[in-house]
Each structure stands twice: as C-alpha cells, then as structure tokens.
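Visitor: Below, each chain spelled out in residue letters.
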Amino acid sequence: MEVSSGITEAPSLVLGPLLSHWPAERRRDFYYRIADEADIDVVCVGEVVCAKRSPLFSAYLSSVLERLQHAGKAVVRSTLALVVDDRDLGGLAAVCDEPDVAIEANDMAAALLMRGRPFTLGPFVNVYNEGTLRFLASCGAIRACPPAELSQRSLGALAAAGACDIEAQVFGRIPLALSARCISARVHGLSRDRCRQVCGDDPDGMAAETLDGQPFVAVSGHVVLSAAVTARLRDLARLRFLGIRHFRLYPTGMADMVGVAAVFREVLTGRLEPAGAAHRLRRHAPEAVPSSGFTAAPTHDRPSVATPRSADRPEEGGGT
Amino acid sequence: MSAALELVCPAGTPAALDAAVAAGADTVYIGFRDATNARNFPGLNFGREEAADGISRAHAAGRRVYIAINTFPRAGDPGPWQCAVDDAAGLGADAIIVADIGLLAYAADNHPSLRRHLSVQASASNRDAIAFYERAFGVRRVVLPRVLTLREIRSLTAAIDVETEVFAFGGMCVMAEGRCQLSSYVTGHSPNIDGVCAPPSHVRYQTRDGRMVCSLGGFAMDSLGPGESAGYPTPCKGRFRVNGSTGYVFDEPATLNAARLLPQLAAAGIKALKIEGRQRGRAYVGAVVAAFRRAVDAAAHGNEGVSGDHLLAFSEAGRYTSGAYRRGWK
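Protein chains in written order, with our numbering: chain A, 94 to 413; chain B, 10 to 339.
Check before you lean on any hint, since a few could be wrong.
Computed footprint of chain B on chain A; a stretch qualifies when at least three of its residues, placed anywhere within it, have a C-beta under 8 Å from a C-beta of chain B [said to hold, decoys possible]:
#1 134 to 144
#2 169 to 177
#3 204 to 215
#4 226 to 239
#5 273 to 279
#6 284 to 291
Derived SDA-like pairs: lysine to any residue, alpha-carbon spacing no greater than 20 Å straight-line [to be verified]:
#7 A:K166 to A:P296
#8 A:K145 to A:R287
#9 A:K145 to B:G337
#10 A:K145 to B:W338
#11 B:K280 to B:E313
#12 B:K280 to B:A299
#13 A:K145 to B:R336
#14 A:K166 to A:C232
#15 A:K145 to B:T158
#16 A:K145 to A:G352
#17 A:K166 to A:R180
#18 B:K280 to B:R42
Between beta-carbon pairs, the in silico distance windows are [what the hints assert, rightly or not]:
#19 B:H319 to A:D294: 49 to 57 Å
#20 B:A167 to A:P116: 49 to 57 Å
#21 A:G233 to B:A167: 46 to 54 Å
#22 A:L283 to B:R217: 46 to 54 Å
#23 B:A168 to A:E380: 41 to 49 Å
#24 B:S65 to A:S151: 56 to 64 Å
It should be emphasised that the hints constitute simulated quantities derived from the structure, not laboratory data.
Only a predicted model underlies this, so the values are computations on that prediction, with no experimental measurement involved.
The beta-carbon is built from N, C-alpha and C at its ideal position, and this holds for glycine as well.
Work out the full structure, taking the sequences as your base and the hints as a guide.
Guide: Structure representation (structure tokens):
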C-alpha cells in the first residue's frame with residue numbers, strides 16, 4: 094500500500110465557509126480581500142448553517158464569485174448542512190442546478206441533486222471509511238473533508254484508498270454539532286421563526302463557558318463550534334506524509350486570514366518550521382492555540398487540543 | 010379506525026427482550042455486544058447465541074426483531090461491521106438498522122433480501138436525502154431525525170416512497186443525530202465511532218463550596234445547590250454561562266414523550282413508533298411498552314388514548330418534552 098503518494102503533489106489551501114453570521118458587506122469585503130491578497134487555492138463560499146442568512150448576501154454573491162475566480166481561486170459553493178423544509182431544499186436545488194457549479198455537499202440531498210456531476214464533501218457528511226468514500230466517489234465526489242473527529246490513522250487510510258482526495262481542517266474553530274433548534278434564538282428567548290437573526294450579534298459565535306469559567310464552545314445559530322481556535326501547524330508534515338493534500342482553514346472573526354494562510358503556506362512548503370510559525374501566527378490570530386489532533390481529551394491517537402484547567406481529570410480507560 | 014402503528018421497542022438484554030414481547034411490542038430492536046451499535050455499554054447487548062435465542066422467542070410469539078448496526082465502521086477495519094451484517098442475515102433478523110453508506114452498500118450487495126432500515130444516525134431529514142438512500146441501497150424505512158415538526162413529517166411522508174419511523178419516548182438528542190462530536194471532543198469517546206456518548210468512566214461528581222459539580226472529561230457540565238437535581242451530564246444537557254447568564258443553553262434535561270401526539274403522528278403518515286432505551290432495565294421496558302401498547306391501540310380505534318404521564322418515574326429529571334414535534338420548540 095502506498096501511503097505517502099500525496100506528498101509529491103503540491104498541497105492546496107482551502108478556505109472553509111463562514112459558519113457564523115456576518116453582515117453582508119463585511120462578508121463581501123472579506124472575500125474581496127481574500128481574492129486580492131490571499132495565497133489560497135480554493136475558497137468555499139455559501140451558507141452552511143441556516144437558510145435564513147442567505148438572502149442578505151445574495152446581492153453581492155455574483156461579484157464576490159467573479160472577483161475570486163478572476164484572481165485565480167477555485168470557488169466552491171458550500172451548501173446547507175441541516176436540510177429540513179422546502180425553503181432549505183429549494184435553496185439547495187437552486188445552487189445545484191447552476192451550470193458548471195462546483196459545490197460542497199453537507200447533506201446527502203446534494204449528492205442526489207448533483208446527479209453524477211462532480212462535487213466535494215464537507216465535514217457534515219459522515220465519511221468515516223473507505224467503503225463510504227468509494228461509494229460517494231462513484232456518485233461524483235472528488236474530494237472529502239471528513240468529520241473532525243477522525244484520527245490521523247483513519248485519514249491516512251482514507252487517503253490510501255485513492256478513491257478521492259482527502260482534506261483536513263488545520264485552522265479555526267472545529268464544527269462539533271448541529272442543533273435541531275436555533276441556539277442563538279433560544280438564548281435570546283426567541284423562536285427560530287422570529288429569530289431577528291440574532292446570531293449576527295456574535296460574528297465569532299456566542300461563547301459558552303462552563304460554570305467554573307472554562308471556555309467550552311461557541312455557538313452560532315444551529316452550529317456548535319469549539320471554543321478553541323485550533324492551529325495544527327505541527328500536524329502538517331505528518332498529514333502530508335499520510336497522503337492528505339488539502340488543508341482547510343476556517344475563517345474566524347478575529348483572525349487575519351490573509352496572514353494565517355501565508356503562515357500555513359510557508360510551513361507546507363518547508364520554508365518555515367512549525368515552532369517559528371506558531372510565533373508568526375500569533376500576530377495574525379492571537380486567539381489561536383497551536384495544537385495537534387482533534388479532541389480536548391488525551392486519548393487513543395488523538396492528542397490534546399486544549400487541556401482543561403481542572404486538574405481532576407478522570408483516569409483513562411475503563412467503561413467502554 | 011386506522012391501521013395500528015408498529016411499536017418498535019428497545020432491548021439491551023434478553024430479559025428486556027422478553028419484557029418487551031410480554032408487554033406487547035410488535036418489534037424489538039437489539040444490538041450486538043461490540044462497537045457496531047450506538048449503545049455500546051458494558052454488560053449490555055447480545056452475543057450471537059443470545060441474539061439467535063431472542064429472535065426465535067420473538068418469532069415464536071409472532072413479533073419481529075431488528076438489529077441495529079448503526080455506528081460508522083473505522084477506516085481500515087470494516088470487518089466487525091460487515092460480520093455483524095452477515096450474522097444478522099444468518100440469524101434471521103427481520104431488518105438491520107444501518108447509518109453508514111459503505112455498510113449499506115455492503116449489505117445491499119451481499120444480502121439483498123435482508124431488509125434495510127436507515128438509522129436515525131444517518132440524519133436523513135428531507136425527501137432528497139431519503140431518496141438518495143432509497144435509490145442507492147433499496148432502503149425500505151427511514152428512522153426520522155428528531156429535528157422535524159409534525160407538519161414537516163406530514164409533508165415528508167407524502168413526498169417519499171419509503172416507510173417512516175419516529176421516536177415516541179425516551180432520551181432526547183437535541184443535536185442532529187450522527188452529527189454530534191461533543192462527547193468525542195470532551196472525552197475522546199464517540200457515538201459514531203465507539204457507540205458511546207458521555208461514558209460514565211469520564212463522569213465525576215465533586216462537592217465544591219457546598220455545591221455538587223458534575224463534570225465530564227474535566228469540563229463542568231452542571232453545578233447543583235442543595236435539593237437541586239439534574240440529568241446525566243451529557244454535554245448537550247449541561248448548564249453553561251452565555252452573555253453573563255447561566256442556563257441550559259442547548260436543552261433542558263427532559264424525556265421525549267409523544268404519547269399524546271399519536272393520533273397526529275398516525276395522520277401524518279408514519280408507519281412505526283420507536284421507544285428509545287436499550288440501556289434501560291426491563292422494568293422501564295415493560296412499563297413503557299405496556300403504556301404505549303395501550304396508547305397505540307386506543308389511537309387505532311380513534312381514541313385520544315393514554316398520556317403516558319404515569320411514566321414520569323422513568324423520565325429524565327422528572328420532565329417531559331414533545332421536542333421538535335411542536336414548532337415553537339425550535
């Protein structure tokens with residue numbers, strides 16, 4: 094089995110979609126700057142969390158897509174992850190029906206609607222193994238960013254299967270869950286139907302901390318994100334060796350993504366060591382935590398992201 | 010009078026299976042004793058021989074048995090999951106409940122006559138996603154995610170060609186099923202991979218300043234004053250601080266109870282009702298199944314039927330919710 098074949102191909106940087114809700118003009122200007130200044134190969138644009146957010150940005154969408162494409166970026170249209178009602182499905186079908194569109198599927202409805210045309214798989218589609226990857230490749234999937242909880246070993250096995258390219262998140266808050274109800278509306282005492290788009294009050298997600306003050310998650314509408322902004326600089330070489338070719342950076346409200354992308358590019362091309370990169374990254378993303386792997390708990394082959402402050406962590410093992 | 014809904018009931022042990030059959034379950038669903046099912050707890054689930062015996066006892070009583078193989082096979086190690094599918098077919102299970110696309114493909118290729126149900130863990134919440142699974146793998150039934158209102162269920166069942174099963178009672182996931190990595194993030198143990206959410210091995214109870222702090226994996230999930238009670242410290246049922254105030258940010262600890270909604274669910278076109286709780290004892294199974302047997306039969310005869318309120322002793326924190334079935338909840 095050839096597990097390191099991907100290392101010979103140039104790595105690509107993917108800007109993941111915005112998962113929190115920004116004002117339309119801020120969104121537009123953000124992508125204009127990405128188009129003009131960022132060393133990023135693929136840019137994902139589109140609403141993943143809530144269909145109610147899309148109309149505000151739609152006035153600027155075509156000029157954003159044009160500017161990105163003109164700047165040589167490959168543009169991927171990210172699509173909704175929790176597709177429930179007719180409005181959700183209608184919006185998804187409209188994107189999938191566009192000619193020559195490249196979409197990121199985050200719900201299996203998209204795989205049906207693409208009818209065999211190529212698409213990519215976002216982290217809200219459950220790709221855990223080679224069998225699933227092969228089947229979805231036969232449906233048209235050309236790249237997959239599996240759920241964040243997959244171990245490096247699993248990502249390597251998926252890459253080795255050769256069915257399609259594998260992508261891994263290496264920067265930003267980690268998407269952890271999709272809530273059936275809108276959490277932002279709930280916290281503000283509103284219902285989803287009359288939410289007044291309060292998720293827009295927190296462009297970086299609404300921080301939820303434990304009762305003893307430990308940062309836990311950030312929520313934005315239906316999505317739950319890690320409080321920690323991960324920066325997997327130290328994992329890059331290992332991931333490349335395992336055949337992962339695409340590296341996803343999720344935008345955050347605080348980070349300068351042009352600078353973040355530049356740091357990751359330099360590490361990927363060997364011009365910068367991870368240790369020095371962490372120092373540089375701090376200038377562009379002060380809240381980022383240099384980390385390795387996914388989980389907050391030190392188990393298996395999934396090393397620690399952010400060690401809880403509490404010293405009374407239970408012993409490993411037992412139970413399961 | 011209308012056709013009675015199929016009552017699909019949990020069993021984590023042979024004793025619970027017998028209790029479910031005795032209390033009037035139409036169908037019992039079980040899992041094998043390993044990570045291939047989403048209730049992978051110590052002392053729970055069925056060895057192959059126990060499953061064979063349970064299936065023959067249920068069949069002798071004229072009831073069905075479904076086998077849940079509803080976690081996601083590990084990359085590089087599909088063997089245990091494929092073996093579970095092979096064994097379910099060999100043991101004469103009436104259906105398998107599967108979430109993973111690769112495993113559905115395996116089952117459809119190797120056991121085409123074994124009935125395939127789509128697990129709630131596949132999170133198929135709309136007609137196009139369900140059509141994908143139906144066309145690709147011949148899925149005959151979908152267990153609907155607990156994200157849909159009654160109205161949404163009604164329009165969905167009208168738009169699809171497969172049977173639908175919905176949750177009627179039991180533990181309540183507020184996160185879209187199969188798409189929640191909170192337990193995995195906090196404890197390293199994943200519902201999708203390990204079949205475990207918030208394992209007891211990672212739960213700690215400690216007294217601090219006169220309050221009982223429940224933590225999971227080193228993160229405090231709740232802090233209780235004297236006389237306060239709380240549910241099990243799963244991350245989605247915890248109390249957290251947001252914008253300076255404290256509360257159950259995602260959902261209050263409560264048990265789903267749709268007993269009062271059975272006539273509306275039947276009118277919405279669903280085929281089957283699912284009781285959650287393979288991790289619960291036979292007392293729970295016997296009492297809940299008996300109550301829902303009466304409620305299902307009453308609804309089939311056009312009566313409003315049973316509230317299920319007398320089951321409160323089996324609920325989380327002594328509270329019920331109708332979850333997403335009522336629109337205002339969302």
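Visitor: Against this structure, judge whether each hint is valid.
Guide: Evaluation of the provided hints:
| no. | hint | in the structure |
| --- | --- | --- |
| 1 | 134 to 144 | violated (count 0) |
| 2 | 169 to 177 | holds (count 4) |
| 3 | 204 to 215 | holds (count 3) |
| 4 | 226 to 239 | holds (count 5) |
| 5 | 273 to 279 | holds (count 5) |
| 6 | 284 to 291 | holds (count 3) |
| 7 | A:K166 to A:P296 | 25 Å, violated |
| 8 | A:K145 to A:R287 | 11 Å, holds |
| 9 | A:K145 to B:G337 | 17 Å, holds |
| 10 | A:K145 to B:W338 | 18 Å, holds |
| 11 | B:K280 to B:E313 | 18 Å, holds |
| 12 | B:K280 to B:A299 | 19 Å, holds |
| 13 | A:K145 to B:R336 | 16 Å, holds |
| 14 | A:K166 to A:C232 | 25 Å, violated |
| 15 | A:K145 to B:T158 | 18 Å, holds |
| 16 | A:K145 to A:G352 | 31 Å, violated |
| 17 | A:K166 to A:R180 | 30 Å, violated |
| 18 | B:K280 to B:R42 | 28 Å, violated |
| 19 | B:H319 to A:D294: 49 to 57 Å | 44 Å, violated |
| 20 | B:A167 to A:P116: 49 to 57 Å | 39 Å, violated |
| 21 | A:G233 to B:A167: 46 to 54 Å | 29 Å, violated |
| 22 | A:L283 to B:R217: 46 to 54 Å | 34 Å, violated |
| 23 | B:A168 to A:E380: 41 to 49 Å | 44 Å, holds |
| 24 | B:S65 to A:S151: 56 to 64 Å | 60 Å, holds |
Of the numbered hints stated above, those contradicted by the structure are hints 1, 7, 14, 16, 17, 18, 19, 20, 21, 22, listed in ascending order.
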